[in-house]
Amino acid sequence: MSDHDYTPTSKVGKWFNDRLPLLTLANHLTDYPTPKNLNYWWTFGGILTFCLITQIVTGLTLAMHYIAHADMAFESVEHIMRDVNYGWLIRYIHANGASMFFLAVYIHIFRSLFYGSYKSPREIIWIIGIIIYLLMMAAAFMGYVLPWGQMSFWGATVITNLFSAIPLVGEGIVTWLWGGYSVDNPTLTRFFTLHYLIPFLILGLVVLHIWALHVPGNNNPVGIDIKKPSKDTVPFHPYIVIKDGFALLMFMIVFAFFVFYSPNILGHADNYIEANPMVTPAHIVPEWYLLPFYAILRSVPDKLLGVVAMLSAILILAVLPWLDTSKIRSAVFRPLYKQFYWILVADVLILGYMGAMPAEGLYLLIARVATAYYFLHFLVILPVLGFKEKTIPVPLSITESVMGGSPNLATARNKESFEKSK
Amino acid sequence: MSEKKPERRDFLFTASYAVGAVGVGAVVWPLIDQMNPDASVKALASTEVDVSSVKPGNTITVLWRGKPVFIRRRTQEEITEARSVKMEDLIHPEKDEDRAKNPEWLVMLGVCTHLGCVPLNDKGDYDGWFCPCHGSHYDTSGRIRKGPAPLNMEVPKYEFVNANTIKIG
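For the record, the sequence lines run as chains A and B. If you want my numbering, it's the position in the first sequence, counting the first as 1, plus 1. If you want my numbering, it's the position in the second sequence, counting the first as 1, plus 16.
Hints were generated in silico from the structure; no laboratory data involved. Everything numeric in this text was worked out from a predicted model, so none of it was measured. Certain hints may be false.
Rough simulated footprint, nothing fancy, chain A against chain B, three-plus residues with beta-carbon under 8 Å [what the hints assert, rightly or not]:
1. 34-40
2. 51-63
3. 148-161
Glycine included, every Cβ here is placed at the ideal spot set by N, Cα and C.
Use the sequences and the hints to build the structure in full.
This is the structure:
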């Protein structure tokens, strides 16, 4: 923010700004130079901010009616659905909002993977993002426990039992997490507390995420460094604000479709049965957004190694900037990486599907192959690709690529043949 | 720095840090320990169960410390099957004689040792229990035979108060 010399025009504004430079910050945010070639995949940051605020606002209002007690939680949720004014709407927005949040975050993450946004100098932005993603999973998991239905209870039992895989201290940790000898009222009350806390931690990390972003500036579809401000950039306001706003509207249509037309399609019917510690539902599945990791957990026949594999699958993302040895950021100029990228997307979708199926027979076999490939991609393919791959020459500036049409592979090839013919 | 001899001030610094660390630990511990099982949870330590109505081949499930406990009155076939298994075939070798002192009665926590689901009765490849969550198979002694669970279902501390009553805990 030191690249700013801003003086408010009004006297009052100047007086205030000299004491607390909020107006300088606001000016930085509106004038923030943004690459002019950003496509719609770059609008998900704004969409995610919207999701977080939606979850906080609906969550706060739900907390005014919800009762965190094993005997009353289930009924209080039904009370919200039937008696509280617009309670059904607020709860459906909150429940589906979690799914929308993950939908947006997965698009955001895979956008980073495609355009190499995690690479130098943006590693810290990426790592903060991964921490936010982990916190989102924790918040979503604990939120799912609060209605105290069958899936809530047994989901909580299975996930907390993951810690029992730790040698020696595992059992003690699980008892400590539960506050008893099974998932029960003490577990529910602490999950409610943490579920309430985590969104505010995420909010703080989002501020850091954006702060870290504003130091090097946005990556872009071409993935080359830009001079800012220059002909390569446009100010954030109004250009990006309008574009983000339009994308947000489109996103809200999808969101509203789920809330108003199929509010329960992403949930599980068993969660409308009150928690019963005596009976496990025939088929326990986590929410859709955790399924790929659940498939990895189940594909390893050993308890401890299964847990280790599942956690590694997430944590491996944190070291991705150092696993990917290629200097070229955007997949547009990496013909091989581009193919492996889409294989990875397919692999994760397959894992997700296998996570929803029973862990037996062919499903289990496919899940095992997909799990192996997931790790192969990050631990072998990416490091080797950086040395072996013959990349396409990148344009000298964004303007060059924009003037030559859209920054896609065909353009790059044209450029290559054009250079040769000269 | 290496030339410098420890002074009185260095000692004071080190001593202050040490006292500070102890102080922080003393404050943090109650905040951590409050999450452990409280006195009221610990007080629910034992349950008495009347088993006179259980017929051979049937299982009743009772709740003890928030966990289901299976009490199965085993048939002669099941006992024979459980006792004829070779130790080397077991993932977690335990003799049925040690798990069921009174061979007719098998008392164990109905909690899968994988991730804590409740296994289903009379299911699975070994005529005992089958966990629907991740596919662990248990035999007629509640021992793990196949699947991701690492251990046999746990036998809690229990005793026969009289011929018809079992006290768990």
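Tested hints:
For the segment 34-40 of chain B, the proposed coverage by chain A is not satisfied: 0 residues have a C-beta within less than 8 Å of a C-beta in that chain, short of the threshold of three. Given a C-beta distance limit of less than 8 Å, the hint that chain A covers the segment 51-63 of chain B holds, as 5 residues qualify and 3 suffice. Proximity of the segment 148-161 of chain B to chain A, defined as three or more residues with a beta carbon under 8 Å from a beta carbon of that chain, is established by the 4 residues found.
Of the hints listed earlier, the one the structure fails to meet is number 1.
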